[in-house]
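Peer 1: Required output: the full structure, derived from the provided sequences and hints.
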Amino acid sequence: MDIRAAEISKVIRDQIASFGTEAQVSEVGTVLSVGDGIARIHGLDNVQAGEMIAFPGGIQGMALNLEADNVGAVIFGNDSAIKEGDTVRRTGTIVDVPVGRGLLGRVVDGLGNPIDGKGPIESTERRRVEVKAPGIIPRKSVHEPVQTGLKALDALVPVGRGQRELIIGDRQTGKSAVALDTFINQRKANAGDDESQKLYCIYVAIGQKRSTVAQIVRALEENGAMEYSIVVAATASEPAPLQFLAPYTGCTMGEYFRDNGMHAVIVYDDLSKQAVAYRQMSLLLRRPPGREAYPGDVFYLHSRLLERAAKLNEANGSGSLTALPIIETQAGDVSAYIPTNVISITDGQIFLET
Numbered sequence: 145m146d147i148r149a150a151e152i153s154k155v156i157r158d159q160i161a162s163f164g165t166e167a168q169v170s171e172v173g174t175v176l177s178v179g180d181g182i183a184r185i186h187g188l189d190n191v192q193a194g195e196m197i198a199f200p201g202g203i204q205g206m207a208l209n210l211e212a213d214n215v216g217a218v219i220f221g222n223d224s225a226i227k228e229g230d231t232v233r234r235t236g237t238i239v240d241v242p243v244g245r246g247l248l249g250r251v252v253d254g255l256g257n258p259i260d261g262k263g264p265i266e267s268t269e270r271r272r273v274e275v276k277a278p279g280i281i282p283r284k285s286v287h288e289p290v291q292t293g294l295k296a297l298d299a300l301v302p303v304g305r306g307q308r309e310l311i312i313g314d315r316q317t318g319k320s321a322v323a324l325d326t327f328i329n330q331r332k333a334n335a336g337d338d339e340s341q342k343l344y345c346i347y348v349a350i351g352q353k354r355s356t357v358a359q360i361v362r363a364l365e366e367n368g369a370m371e372y373s374i375v376v377a378a379t380a381s382e383p384a385p386l387q388f389l390a391p392y393t394g395c396t397m398g399e400y401f402r403d404n405g406m407h408a409v410i411v412y413d414d415l416s417k418q419a420v421a422y423r424q425m426s427l428l429l430r431r432p433p434g435r436e437a438y439p440g441d442v443f444y445l446h447s448r449l450l451e452r453a454a455k456l457n458e459a460n461g462s463g464s465l466t467a468l469p470i471i472e473t474q475a476g477d478v479s480a481y482i483p484t485n486v487i488s489i490t491d492g493q494i495f496l497e498t
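Numbering-wise, this note's numbering puts 300 at position 156 of the sequence shown, and it's gapless, one number per residue.
Quick caveat, the hints were computed from the structure, so don't treat them as lab data.
Every value quoted in this text rests on a predicted model; they were computed, and no experiment measured them.
There may be inaccurate statements among the hints.
Okay, the calculated beta carbon distance ranges per label pair [said to hold, decoys possible]:
{"hint": "1", "residue 1": "484", "residue 2": "258", "range": "31 to 41 Å"}
{"hint": "2", "residue 1": "202", "residue 2": "263", "range": "18 to 28 Å"}
{"hint": "3", "residue 1": "177", "residue 2": "495", "range": "39 to 49 Å"}
{"hint": "4", "residue 1": "405", "residue 2": "268", "range": "38 to 48 Å"}
{"hint": "5", "residue 1": "174", "residue 2": "291", "range": "48 to 58 Å"}
{"hint": "6", "residue 1": "381", "residue 2": "480", "range": "18 to 28 Å"}
{"hint": "7", "residue 1": "177", "residue 2": "154", "range": "11 to 21 Å"}
{"hint": "8", "residue 1": "161", "residue 2": "245", "range": "42 to 52 Å"}
{"hint": "9", "residue 1": "233", "residue 2": "301", "range": "49 to 59 Å"}
{"hint": "10", "residue 1": "266", "residue 2": "288", "range": "40 to 50 Å"}
{"hint": "11", "residue 1": "174", "residue 2": "479", "range": "45 to 55 Å"}
Below 30 Å or equal to it, Euclidean Cα-Cα: the simulated DSS-like pairs (lysine-lysine) are [stated by the list, open to error]:
{"hint": "12", "residue 1": "342", "residue 2": "276"}
{"hint": "13", "residue 1": "353", "residue 2": "262"}
{"hint": "14", "residue 1": "262", "residue 2": "342"}
{"hint": "15", "residue 1": "332", "residue 2": "262"}
Ideal Cβ placement from N, Cα and C applies to all residues, glycine included.
Peer 2: Now the structure itself:
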């Protein structure tokens with residue numbers, strides 16, 4: 145065997161030259177138990193509330209309960225591939241989603257990933273889904289109308305840009321139809337060049353059938369409204385954490401337009417199902433139940449979302465975000481827990497009954 149000292153020394157020199165001194169540090173934890181979209185994790189001592197966690201197989205989760213000896217995390221995806229003993233790691237980032245004009249005409253899931261088969265989202269900017277609502281000083285009185293296209297609404301209960309107007313009623317009373325008509329009615333304004341007249345539309349579907357979401361997207365496309373609209377879909381088959389997150393995702397996308405001097409309207413269809421998804425998550429995380437088994441902070445769940453709809457003053461770009469939350473009542477009972485909560489948060493109500 146012929147051993148050449150020059151070759152060996154060259155190999156050693158190359159190895160030394162390519163040796164990296166930087167250490168790869170990532171805080172890891174171990175899955176203690178998993179089930180129903182909830183994982184209990186040991187470790188992750190420095191994890192933040194709301195931080196994204198990476199599970200094996202590319203599945204993501206979010207830390208919600210920070211307890212003395214473990215972390216309660218919700219899983220955004222199928223938890224059947226995750227098992228006890230799996231290693232999870234911190235990502236160091238709070239949940240964020242893509243924002244911008246590149247989302248117009250697209251259908252995305254609760255994390256902002258495209259689900260319409262039209263390729264990746266053309267967006268360079270990302271924003272956190274949970275941000276504080278604008279304070280008192282940046283706001284301005286509502287003075288511009290949102291033309292819904294329904295004469296009864298525009299004449300009797302006009303909606304202003306920056307307002308929060310609740311659409312409430314039993315099932316099959318036309319709540320989604322009111323929202324859809326509002327979107328389609330913006331076609332003429334959005335066809336022009338006057339940015340102050342344009343109204344970009346965001347539709348958030350929470351816990352609905354996939355066929356219903358497909359029907360809404362088709363209606364928007366057929367009426368030429370999809371080109372200025374974004375659809376965020378967390379359907380009934382999605383895990384509860386995605387149904388909980390979808391309204392905040394849609395709101396963040398709407399805030400991009402508001403903060404850049406443009407106008408947007410967002411429809412949450414519907415917040416009753418988001419509250420049910422949040423109740424499911426909270427009970428599985430062993431949080432104490434309150435009235436109707438909802439957790440104690442279910443009011444804050446909706447108030448922090450709807451307070452982000454605002455009309456900004458000239459110093460902040462004069463943009464606006466209008467919210468049209470939808471609540472489904474049972475047998476016309478508006479005195480139930482969630483309806484009364486959202487009625488007290490919003491500026492007015494459109495009550496529908498047959």
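Peer 1: When the hints from earlier in the document are held up against this structure, which numbers fail?
Peer 2: Numbers 4, 7, 10 - these are the hints that the structure violates, sorted from lowest upward.
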